[in-house]
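For this one, chain A is given, so just place chain B on it according to the hints.
Protein chains: 2
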Amino acid sequence: MSAYHPLNETEAIEIARTMKNVFPAGAELNCREIGDGNLNLVFHISDSVSGSSIIMKQALPYAKVVGESWPLTLDRARIESEALIQEGKLAPGLVPNVYSYDPSLALTIMEDLSDHVIMRRGLIEGGRYPLFAGHISTFLAQSLFFTSDLGMNQQDKKIRLRDFINPELCKITEDLIFDHPYTDADTNSFDEAIRDEAEALWSDGALQLEVALLREKFLTHAQALLHGDLHTGSIFITPESTKVIDPEFAYFGPMGFDIGAIIANLLTSFASRIHWDADEPAREAFRAYLLSTIAEIWTQFEAKFRALWDQHGVDRLASAAPGYKDDYLRRLLQDTIGYTGCKMIRRIVGLAHVAEIDSIPDTAARERAQRLTLAIGKSLIKLNRNAQSIHQLIDTVKTTTASAKK
Amino acid sequence: MSAYHPLNETEAIEIARTMKNVFPAGAELNCREIGDGNLNLVFHISDSVSGSSIIMKQALPYAKVVGESWPLTLDRARIESEALIQEGKLAPGLVPNVYSYDPSLALTIMEDLSDHVIMRRGLIEGGRYPLFAGHISTFLAQSLFFTSDLGMNQQDKKIRLRDFINPELCKITEDLIFDHPYTDADTNSFDEAIRDEAEALWSDGALQLEVALLREKFLTHAQALLHGDLHTGSIFITPESTKVIDPEFAYFGPMGFDIGAIIANLLTSFASRIHWDADEPAREAFRAYLLSTIAEIWTQFEAKFRALWDQHGVDRLASAAPGYKDDYLRRLLQDTIGYTGCKMIRRIVGLAHVAEIDSIPDTAARERAQRLTLAIGKSLIKLNRNAQSIHQLIDTVKTTTASAKK
Numbered sequence: 001m002s003a004y005h006p007l008n009e010t011e012a013i014e015i016a017r018t019m020k021n022v023f024p025a026g027a028e029l030n031c032r033e034i035g036d037g038n039l040n041l042v043f044h045i046s047d048s049v050s051g052s053s054i055i056m057k058q059a060l061p062y063a064k065v066v067g068e069s070w071p072l073t074l075d076r077a078r079i080e081s082e083a084l085i086q087e088g089k090l091a092p093g094l095v096p097n098v099y100s101y102d103p104s105l106a107l108t109i110m111e112d113l114s115d116h117v118i119m120r121r122g123l124i125e126g127g128r129y130p131l132f133a134g135h136i137s138t139f140l141a142q143s144l145f146f147t148s149d150l151g152m153n154q155q156d157k158k159i160r161l162r163d164f165i166n167p168e169l170c171k172i173t174e175d176l177i178f179d180h181p182y183t184d185a186d187t188n189s190f191d192e193a194i195r196d197e198a199e200a201l202w203s204d205g206a207l208q209l210e211v212a213l214l215r216e217k218f219l220t221h222a223q224a225l226l227h228g229d230l231h232t233g234s235i236f237i238t239p240e241s242t243k244v245i246d247p248e249f250a251y252f253g254p255m256g257f258d259i260g261a262i263i264a265n266l267l268t269s270f271a272s273r274i275h276w277d278a279d280e281p282a283r284e285a286f287r288a289y290l291l292s293t294i295a296e297i298w299t300q301f302e303a304k305f306r307a308l309w310d311q312h313g314v315d316r317l318a319s320a321a322p323g324y325k326d327d328y329l330r331r332l333l334q335d336t337i338g339y340t341g342c343k344m345i346r347r348i349v350g351l352a353h354v355a356e357i358d359s360i361p362d363t364a365a366r367e368r369a370q371r372l373t374l375a376i377g378k379s380l381i382k383l384n385r386n387a388q389s390i391h392q393l394i395d396t397v398k399t400t401t402a403s404a405k406k
Numbered sequence: 001m002s003a004y005h006p007l008n009e010t011e012a013i014e015i016a017r018t019m020k021n022v023f024p025a026g027a028e029l030n031c032r033e034i035g036d037g038n039l040n041l042v043f044h045i046s047d048s049v050s051g052s053s054i055i056m057k058q059a060l061p062y063a064k065v066v067g068e069s070w071p072l073t074l075d076r077a078r079i080e081s082e083a084l085i086q087e088g089k090l091a092p093g094l095v096p097n098v099y100s101y102d103p104s105l106a107l108t109i110m111e112d113l114s115d116h117v118i119m120r121r122g123l124i125e126g127g128r129y130p131l132f133a134g135h136i137s138t139f140l141a142q143s144l145f146f147t148s149d150l151g152m153n154q155q156d157k158k159i160r161l162r163d164f165i166n167p168e169l170c171k172i173t174e175d176l177i178f179d180h181p182y183t184d185a186d187t188n189s190f191d192e193a194i195r196d197e198a199e200a201l202w203s204d205g206a207l208q209l210e211v212a213l214l215r216e217k218f219l220t221h222a223q224a225l226l227h228g229d230l231h232t233g234s235i236f237i238t239p240e241s242t243k244v245i246d247p248e249f250a251y252f253g254p255m256g257f258d259i260g261a262i263i264a265n266l267l268t269s270f271a272s273r274i275h276w277d278a279d280e281p282a283r284e285a286f287r288a289y290l291l292s293t294i295a296e297i298w299t300q301f302e303a304k305f306r307a308l309w310d311q312h313g314v315d316r317l318a319s320a321a322p323g324y325k326d327d328y329l330r331r332l333l334q335d336t337i338g339y340t341g342c343k344m345i346r347r348i349v350g351l352a353h354v355a356e357i358d359s360i361p362d363t364a365a366r367e368r369a370q371r372l373t374l375a376i377g378k379s380l381i382k383l384n385r386n387a388q389s390i391h392q393l394i395d396t397v398k399t400t401t402a403s404a405k406k
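Top line first, the protein sequences correspond to chains A and B.
Residues 1 to 406 in UniProt numbering are what the first sequence lists, from first letter to last.
Residues 1 to 406 in UniProt numbering are what the second sequence lists, from first letter to last.
Hint data in this document are derived by calculation from the structure and do not stem from the laboratory.
Selected chain B positions facing chain A (Cβ under 10 Å, derived; list incomplete):
| hint | residue |
| --- | --- |
| 1 | Asn166 |
| 2 | Tyr251 |
| 3 | Ala321 |
Pairs of lysine to any residue, SDA-like flavour, derived with a Cα cap of 25 Å:
| hint | chain 1 | residue 1 | chain 2 | residue 2 |
| --- | --- | --- | --- | --- |
| 4 | B | Lys382 | A | Asp327 |
| 5 | A | Lys325 | B | Ala200 |
| 6 | A | Lys89 | A | Arg306 |
| 7 | B | Lys64 | B | Pro103 |
| 8 | B | Lys382 | A | Ala387 |
| 9 | A | Lys243 | A | Ile55 |
| 10 | A | Lys171 | B | Met152 |
| 11 | B | Lys325 | A | Leu207 |
| 12 | A | Lys382 | B | Ala387 |
| 13 | B | Lys325 | A | Ser203 |
Quantities reported herein were computed from a predicted structural model and do not represent experimental measurements.
Every residue gets a Cβ at the ideal spot worked out from N, C-alpha and C, and that includes glycine.
So here's chain A without its partners, still in its complex pose (with noise of 0.2 Å):
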């Protein structure tokens, strides 16, 4: 790691200038710094003579977050690097292309997106994405079934997990979603106005069982090699094409937590449709399409994976036990509803908040969408090891929002 340093766009460019398969001799480069700064820098690097581009991804050795900063491992680089290049081989087209990796610079060179948005803007801005539940279903089923015990060899899952184990960013995940949201932690991030709310949480025990259980799964099942963070800000997407960016988070845990992550984010757009549609019938359709987008993902993963299951499956007593693969399943769902509403309850009063919602300028606006997140958090919470059906978590969101108009 000794030759590790933060590279400047000269630099950047004298690296991309190598990349003879991507630039053409006498290709005129030109980089800009397009990240955000906190965790990576990411340099686009296009040609403008042929019009071909890169994206160079660097991460930083400390996270910055709302003005805090701590150390973070560069390991993490491996990682996104060989989590992207699993997932590409089990999900082709649905990530972007790694073209290399460099360990001791901590960078990764791969395909540029710049023509798709990242998902969260898009939704903001009332984009549908007709192909999505499909691309995303897909994702979700290959490379999930193909990590796990079900469709993996079991021995070489275990070497696997070994080049998965992730601790520092798993300790954020821990600490900013299952654990600081339902204490008074230092961390917590809210408007005053819901102060109620988040007290609530502090003391809600029935809450915090169904939490505990559900971090507990987070801390414990091995299940598969999970992307760790699939919210829509980790989506880069148009009408036709979805791509799933950003795995820095990847370990080997329980699958609901990525289906759940992508759900979640789904219904804080729902909720924070209080402000961004004028009017209601406009408001209503948006959401009818969000609620049918979530059904269909679901909907279509399963099928997705039992059919795998069916032609791919590797354990002879998990295929051959009569009620199992059900069983599995049901499970699975009863996961996934849980971790979509813990991810939905840390955005409304934990460190990370998501755009869609704090962006509204109404204030009364804003609250109603934050009461409204959390009361849907809250419910799919306790719904969790309940469930037998995705209508289930459908008709909750429907009856909480019912009820919080009134």
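Frame of chain A, contents of chain B only:
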């Protein structure tokens, strides 16, 4: 590993002679190889002048079981010595002291326990060990709690888990305990007289579902650092002393697997008394001793585990969430009961049997012991997810035994 070769007795003595802190100058060293030659060489080296002695255990690069031979990693010697050292720190006095470990020879030098007997043999001979429940419950509570996310720094645990990835040894368990007994596998081995029992296992769907769920936990539930093979053949014992040996199957798995291993092997002893106690009062007295030992092990384990949690718990939410502790221990009991059943069944129809049953000379008595073991094992597996108390295990054993007599 290039220096590796199986030692002969002369070489073993040469190595022992370098241990100046054990053997003084002028020691007259004698060496006997006392292993069974299936997995390891075991040299007993003693000084006829001072009376000092040691054990040198060297892993062989293959496993031999019932005439078959397959290659096996020498890395298991590292895992065994590291696990012994870890257990010795957490449960002082309950494992042999490790003097040294040489990775190039896959050689561990440790305390000689020749004044102890193997517990399986001791039980066959009718030995009673009044301190055993206290000792083993301490060993279990200390070694499991302090390597779990409840009692160990949760980031350090992930690093430690990486050190104990143990694919080859885990595969032996996955195949021989959690798969083969439930299908017509080549490795299975059973007396032809009980073929009906074996075939019943191969078609019992409700049983297979439970075993599939327990298998899944063995594959995915990285709860604590297990011994991994904690049967009565892995315990050296006297009425005053208990020493757990041979943790080469150590890995991070479900705690109930270790506790269930102990109970299962006390129950194979229970079932075997059909022969070993000629008169019924003696048999019933010994069986009552075994059942009270089992109840004591769980009861003391639970009390010690709860006390450690109260005093040394590191997980804020796990300690704060109302009902979580009770839920955790209830699930742990349920796992224990399930794994107890799995470990009984494999000893009758699987590859590796137990001496207390296989060595019953009377054919009819042996068959009755085998059928009783299977009946108890199946009942416990079917009980597991419904169990609320260790008394349900004891009652199930008694009821099943009473039915078997009819």
